[in-house]
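Engineer: Below, each chain spelled out in residue letters.
There are 2 protein chains.
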Amino acid sequence: MAAQTVASTTDSTVNTTDRTADSPVDLGPAAALSCRECGHRVPLGPVFACEKCFGPLEIAYDFSAYDTEELRKRIEAGPSNIWRYAPLLPVPADVAGKPNINPGWTKLVKADNLARELGVTGGLYVKDDSGNPTHSFKDRVVAQAIEAARAFGFTTLSCSSTGNLAGAVGAAAARAGFRSCVFIPHDLEQGKVVMAAIYGGELVGIEGNYDDVNRFCSELIGDPAGEGWGFVNVNLRPYYAEGSKTLAYEICEQLGWQLPDQLVVPIASGSQLTKIDKGLKELIELGLVEDKPYKIFGAQAEGCSPVSVAYKAGHDVVRPQKPNTIAKSLAIGNPADGPYVLDIARRTGGAVEDVNDEQIVDAIKLLARTEGIFAETAGGVTVGVTRKLIESGVLDPTKTTVVLNTGDGLKTLDAVADTGLTATIRPNLDSFREAGLA
Amino acid sequence: MAAQTVASTTDSTVNTTDRTADSPVDLGPAAALSCRECGHRVPLGPVFACEKCFGPLEIAYDFSAYDTEELRKRIEAGPSNIWRYAPLLPVPADVAGKPNINPGWTKLVKADNLARELGVTGGLYVKDDSGNPTHSFKDRVVAQAIEAARAFGFTTLSCSSTGNLAGAVGAAAARAGFRSCVFIPHDLEQGKVVMAAIYGGELVGIEGNYDDVNRFCSELIGDPAGEGWGFVNVNLRPYYAEGSKTLAYEICEQLGWQLPDQLVVPIASGSQLTKIDKGLKELIELGLVEDKPYKIFGAQAEGCSPVSVAYKAGHDVVRPQKPNTIAKSLAIGNPADGPYVLDIARRTGGAVEDVNDEQIVDAIKLLARTEGIFAETAGGVTVGVTRKLIESGVLDPTKTTVVLNTGDGLKTLDAVADTGLTATIRPNLDSFREAGLA
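Those sequence lines, one after another, are chains X and A.
The first sequence begins at 688 in the working numbering and counts up by one.
The second sequence begins at 688 in the working numbering and counts up by one.
These aren't lab readings, by the way, just hints derived from the structure by calculation.
Which copy? The list can't say, so a pair holds if one copy fits it or any two copies do.
Pairs of lysine to aspartate or glutamate, DMTMM-like flavour, derived with a Cα cap of 20 Å:
{"#": "1", "residue 1": "K785", "residue 2": "D799"}
{"#": "2", "residue 1": "K1086", "residue 2": "E804"}
{"#": "3", "residue 1": "K879", "residue 2": "D899"}
{"#": "4", "residue 1": "K785", "residue 2": "E804"}
{"#": "5", "residue 1": "K879", "residue 2": "D1101"}
Work out the full structure: start from the sequences and follow the hints.
Structural biologist: Put into structure tokens, the structure is as follows:
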């Protein structure tokens, strides 16, 4: 599976190992980068693929000095954002004082109305990441990338995107004092362009589709023109990805330092799900939560369900798909972390399931009607999958369950454009009564 | 000035005084309703105009039992939302455990980049209420109205609205288990209709303009058909309005229990500004902040600037205007609390200023570019007015200044629709270099 990330990585790997050797960085408890496949370790630097086996690199930490109760107190006394978990992230200890977008500590909503509708008796919660600064979970990962970019001396932040990520990068770069240059397909809807362009960075339309944009970014990383550029989800990916751990930390702390029994997590690249699992395991190892089993369920849209299809077929390998779904923020047809997601779902006793566009829209409306949360299509996917898994008996309604909403319905209004007035009346009481509203 | 609220209030005043006498309610420290004009007190109930002089009623509290340091500790140990201030609000002590939308505790952003651009050296902060559940400050006031509605036994929540309020009422009613029935002009933009309709309540289009909608709502309150209906900004207004005090509380607590020297607050009805002043005075009286002078500056759009015009002319009375501005959430041509705003601006040594549509758009872009905050047009008004007041020497750049952003740019995308791609290139490095992006 590593092969899919090889082509574009070799150049930057060479570049950036040199850079790191010259200037050791302070990223708090982050000790090194470690290959997820072969375990090979390299110093911290803006690299993302193993020089030995081309497997993905991730952060290796040194948490050995922590005392559990001191750590818990330090976290609880921290700021109302992800930096309360700075001791567990690849960021310097004084991160909360640096200019950044400071996402996180979003609401964990006890969804009693939704629970009643779905027949959940064990406690149902929605982790609502629409409360982040640019209203998606992407603020969490970009905030990490900002700190890595600062540590490595990058001056420009970049990414390829079709939506949430572009806005998150633009906003965070503006706050943190970086130049930003974001690449998007040139023919995106005008609303999405405005949401990304408003932050004043370079917003470059590429004549081509999203694959062309990605390919161009890989080319740029290996070229002198890309010197000094941090691509949040490419050469800063190991740092960036760790931001998703904070979802696991917050959920457990907000449950009173308890693991939930079941989590329903959306799958795009699969990175978020794998990092949530990593975060939960860290909390167990650190003694911050009691060690007990938990199940992670992955949620996809039927129109882009490569991991769900592989799960159901019993495969270890994910076969790429050409996406066709309204859940555009999850529309990655060739998810890099797909195999890891399959591992985690199977190891924890979870599952991977998908729902179609109609079920996604129904679920968006269900969540809004019951809990007053207007979710992006990705939230429709997780709520829809939760419902489907309960109906099929795979998800246990008597257990504590946390469902993630990772984005905001205001960004995907088109998906629910059929929603409208329930009545139109003249401005008088007779007309009101005729409409049956009294 | 009270005359403008008389016509629609007499019936409900009679109704609801009876209701209250029958069932005393527990709304925490709220002791009674008191007329802002003549001081006449009546029991807590769903009334909003004085039966003696038709002046506006507001909440009278009994804070006499509080010890300052105990209160401070209780607040600091409270939840990360407005209910940390439950001891200072018209809500029961156990409010945090009841189903509600739980807004507040939004970010107070230290806006160092914006400060540099504006030449502010004394500390500039943006209180960013786009982080609320439906992304505007309206969640604060609606959350209060929900608790009052519960106390008074209402089963339907209602309002007239053209935007933010409709969404806030729809969402909060869904979460809290109320029926909602919101009235809007029938010809609103489809996006705004979707944002209000998604929560599944009744959304009724009225054939007429916003004035017709308001008039109809007043008629409904006095009719048996409106029995059991709480109109958040009419018969629940005294409770609803108190939600704006929480902006003052949060700002001071987030500044380390200090008053800012200067605040720039938008003016629609003027209620928010008067309640922020009330909140600051309460903190002083309770000993939670040191008593020192503060100045409140009111911000309006030139296309709807009745208070600014009156301020500059030295008048005590506000002459109504017909609004014509892109800042639609501030477009109240006949602001009920206008005279009180004039009082406060003059008493505290502040001012009232306005900016035109072009300045509003420039200010939205300035805030986004410097701080990564995408504000609604109302935020463009406050930032634009701040800039104008600094340039004219009225606002002191050496003093601590807090600027309010009360809404979210995603809801007013049209205002900045000219924002777009900075370049379009082919997916190759030559095209990238030609565009001057390297």
